[in-house]
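For the record, the sequence lines run as chains A and B. Each residue of the first sequence is one higher than the one before, counting from 1 in this note's numbering. Each residue of the second sequence is one higher than the one before, counting from 1 in this note's numbering.
Any given hint could turn out to be false.
Over 10 Å on every C-beta distance to chain B, these chain A residues come out as not near it, computed from the model [unchecked claim]:
| no. | residue |
| --- | --- |
| 1 | 113 |
| 2 | 360 |
| 3 | 374 |
Think about it this way: if two alpha-carbon atoms lie no more than 20 Å apart in a straight line, the pair counts; the simulated PhoX-like pairs of lysine-lysine are [to be verified]:
| no. | chain 1 | residue 1 | chain 2 | residue 2 |
| --- | --- | --- | --- | --- |
| 4 | B | 419 | A | 419 |
| 5 | B | 127 | B | 61 |
| 6 | A | 73 | B | 356 |
| 7 | B | 73 | A | 356 |
Calculated from the structure, these hints are not laboratory results. Heads up, the beta-carbon is just placed ideally off N, CA and C, and yes, glycines get one too.
There are 2 protein chains.
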Amino acid sequence: MEDKFVEGGVCAARGYKANGVHCGLAHKVIAASNSGDETLKANLNPNAGKKNDLAAVFSEKRAAAAAVYTSNKVKGAPLIVTKRNIADGYAQAIICNSVNANTCNADGEEKAEKMCVLLADKLGIDKNDVIVASTGVIGQVLPIEPIEKGIAPLCEGLSETGNTEAVRAIMTTDTVEKECAVRFSLSGKECTLGGMLKGSGMICPNMATNLTFLTTDADISPDMLRKALSDVIQRTLNCVSVDGDMSTNDMCCVMANGAAGNPRIESENEDYGIFRAELEKVLRVLARKMAKDGEGATKLIECTVSSAPDFDTAKIVGKSVIMSNLFKAAIFGEDANVGRILCAIGYSAADVDIGKIDVDMASEAGRISVCRQGACLDFSEELAAKILRCDEIQVLISLNAGDSEATAWGCDLTYEYVKINGDYRS
Amino acid sequence: MEDKFVEGGVCAARGYKANGVHCGLAHKVIAASNSGDETLKANLNPNAGKKNDLAAVFSEKRAAAAAVYTSNKVKGAPLIVTKRNIADGYAQAIICNSVNANTCNADGEEKAEKMCVLLADKLGIDKNDVIVASTGVIGQVLPIEPIEKGIAPLCEGLSETGNTEAVRAIMTTDTVEKECAVRFSLSGKECTLGGMLKGSGMICPNMATNLTFLTTDADISPDMLRKALSDVIQRTLNCVSVDGDMSTNDMCCVMANGAAGNPRIESENEDYGIFRAELEKVLRVLARKMAKDGEGATKLIECTVSSAPDFDTAKIVGKSVIMSNLFKAAIFGEDANVGRILCAIGYSAADVDIGKIDVDMASEAGRISVCRQGACLDFSEELAAKILRCDEIQVLISLNAGDSEATAWGCDLTYEYVKINGDYRS
Chain A
1 MEDKFVEGGV CAARGYKANG VHCGLAHKVI AASNSGDETL KANLNPNAGK
51 KNDLAAVFSE KRAAAAAVYT SNKVKGAPLI VTKRNIADGY AQAIICNSVN
101 ANTCNADGEE KAEKMCVLLA DKLGIDKNDV IVASTGVIGQ VLPIEPIEKG
151 IAPLCEGLSE TGNTEAVRAI MTTDTVEKEC AVRFSLSGKE CTLGGMLKGS
201 GMICPNMATN LTFLTTDADI SPDMLRKALS DVIQRTLNCV SVDGDMSTND
251 MCCVMANGAA GNPRIESENE DYGIFRAELE KVLRVLARKM AKDGEGATKL
301 IECTVSSAPD FDTAKIVGKS VIMSNLFKAA IFGEDANVGR ILCAIGYSAA
351 DVDIGKIDVD MASEAGRISV CRQGACLDFS EELAAKILRC DEIQVLISLN
401 AGDSEATAWG CDLTYEYVKI NGDYRS
Chain B
1 MEDKFVEGGV CAARGYKANG VHCGLAHKVI AASNSGDETL KANLNPNAGK
51 KNDLAAVFSE KRAAAAAVYT SNKVKGAPLI VTKRNIADGY AQAIICNSVN
101 ANTCNADGEE KAEKMCVLLA DKLGIDKNDV IVASTGVIGQ VLPIEPIEKG
151 IAPLCEGLSE TGNTEAVRAI MTTDTVEKEC AVRFSLSGKE CTLGGMLKGS
201 GMICPNMATN LTFLTTDADI SPDMLRKALS DVIQRTLNCV SVDGDMSTND
251 MCCVMANGAA GNPRIESENE DYGIFRAELE KVLRVLARKM AKDGEGATKL
301 IECTVSSAPD FDTAKIVGKS VIMSNLFKAA IFGEDANVGR ILCAIGYSAA
351 DVDIGKIDVD MASEAGRISV CRQGACLDFS EELAAKILRC DEIQVLISLN
401 AGDSEATAWG CDLTYEYVKI NGDYRS
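Excised from the complex, chain A in its bound form (with noise of 0.2 Å):
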């Protein structure tokens, strides 16, 4: 059977129930009182519209769980309890909010523990299965009432098509549900893996990203569960950036029940192979996704180093690209500003012969050479404009210094994301 892509997010594998409502958790409102800007202050508040802030993701059976977290020395308290309780290597049900990052607080770690007992008590399970997580403002106390009176309709509107309330529970500034599942077959048994991630802003994963959740039916032990996420996590949301800031709370996580009855993966053997082929394949996607919704973006940034000594250097190179902020701004501009590209380059931390780089830019409007052997060449502005003129943009690098490739996702600088994070916290 050759792999597809499926719809279902979070619930596309077997065994899985997803919901998200509206509990209430509120901005303390504050700078909006002092702006003029309503719009702004009606798309912020979560009130406004009733928007979801609190999903949740059950698994019929206790799954194998893995998970990934930020690097940042700040630390959310809820992947703490999280990291805590899957340390035995085993979950059977996620909560989230958005709205409060519940982060540096004195009463943190007590608040998300008290979440997990919230829905384990709900659902029947142990307190120390579940994962936990937030997302939102930090700094600021979460209220735990709205979770106390959201839990039980969240509970009790679990169902295998709530993946979509509970994507729409877990944005903040996104403007898009991003999901993706895939479904393949692992010793002739069909499996599949979805997920949904969040996050638009105070992005630049180092280890994880903002959050991602995954499920899949697959059988796998949870150690190398735990060894194909953090194999893919480097080359995949690790090579996100929107604006260089890594969060406190980024997290993603990973759960699989067996429910596809698959011979159970215990070592690196073929389905190991396929199982975490896939798992790139959708945290890729997810990656793209993720850079496209970047905060304010209006084009996506998509940077391919090849013909590197390694892997790392081809990523250092690619990421100090689509992290600068003049290269952006450019981009924003649609200007084909390759000064700033060879500039970053040259600031990044990676050891290149520019002497040798050659760069070329594209879209689906063509493809223009824009330097040979690190000078700039005189190219068609005419042409260049028209490729940049599309809304995901090509920066093709290759340093002609070995077989390795990475690539990196970003998206353009422009006055919305001034806007959004000017105002964020209101």
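Keeping the supplied structure of chain A fixed, place chain B upon it in accordance with the hints.
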């Protein structure tokens, strides 16, 4: 004699003349023709207002000279030529153009050499005694004809009051002239040290910063001059960031012609200590001016990190905070978003104990505590808003882990930054 600030910039010290002219270097006009923004086109086209684009500084006596350069692996051709020319520790004149960076061009060094020859011939000095610099667009061939044409009026107009014409000629997106000079005494002799700086975008020095030219009439050996410059650069220009983009053309150079007649400084004696302190004072003022005039900036952010185990830790923490796009946008929005400060400290490379950190914010309107021992406080939003309404904002971080301190300077992230950089090349 008490030291004091004086006027005159690069001409404040005895024995120096300067000038700036409009020689007609023009951007290759591209994107502007595609853009409907006429104001922007007019602002960025140097021909529109006949802005000065070529500067020279001349010392009557051959002077000791020292410089520090960008650590970007892509280095502008002028830097390479300058480094060669002052390898012997001496120089007598500076030539600098704006509009075109003469970087990433196949004929860059040849053109930079040509600029030295043109100036040296006209002034009757050795071409190897010329410091050459360029700033502007990367990757466009530098037309030498306008410089050939401009060299006569440039040299003929050199004067002891030419500092203003000179500083205007080196500006690109700068909106104010940045000059500073101090007068002090060395062993009873009155000495003066002054200079000019340009830099507004692509500012994240890691060695020197954009272009800084200093002149002094103090007598100091090339070795001691180099030592003083290398020392203070770490505490001044290298603590500034506007956008995290480290330029390919950053250079800070100083000439010391000995016209003051003080006993020549040849060791780390008391006079050396005074000279070094005055040099730091001038560069600190210029660093602050640069940050405040960051592209599109409406507010200066001055982040002082105290009680650090060492200077480097303090500097890393301070720079991480002033470089955070999210925090910069929050300051633009006058939002006391302490979570973003802690987040930026957390992802910095500094080894700090988050649980010990205290943070205050201040301005001329007052001071407010926003975080104690790593936990956000429930502070008065009214007072915070009042503080953030000012145009110079202090962030005061105590690591409670030692006696060292560092200050980093940055600015807010605004719509205007995006606008300026979305269309700079045109």
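Quick rundown of the hints versus the structure:
no.: 1; hint: 113; result: 17 Å, holds
no.: 2; hint: 360; result: 15 Å, holds
no.: 3; hint: 374; result: 7 Å, violated
no.: 4; hint: B:419 <-> A:419; result: 13 Å, holds
no.: 5; hint: B:127 <-> B:61; result: 15 Å, holds
no.: 6; hint: A:73 <-> B:356; result: 13 Å, holds
no.: 7; hint: B:73 <-> A:356; result: 13 Å, holds
Checked against the numbered hints above, the structure breaks only hint 3 and satisfies the rest.
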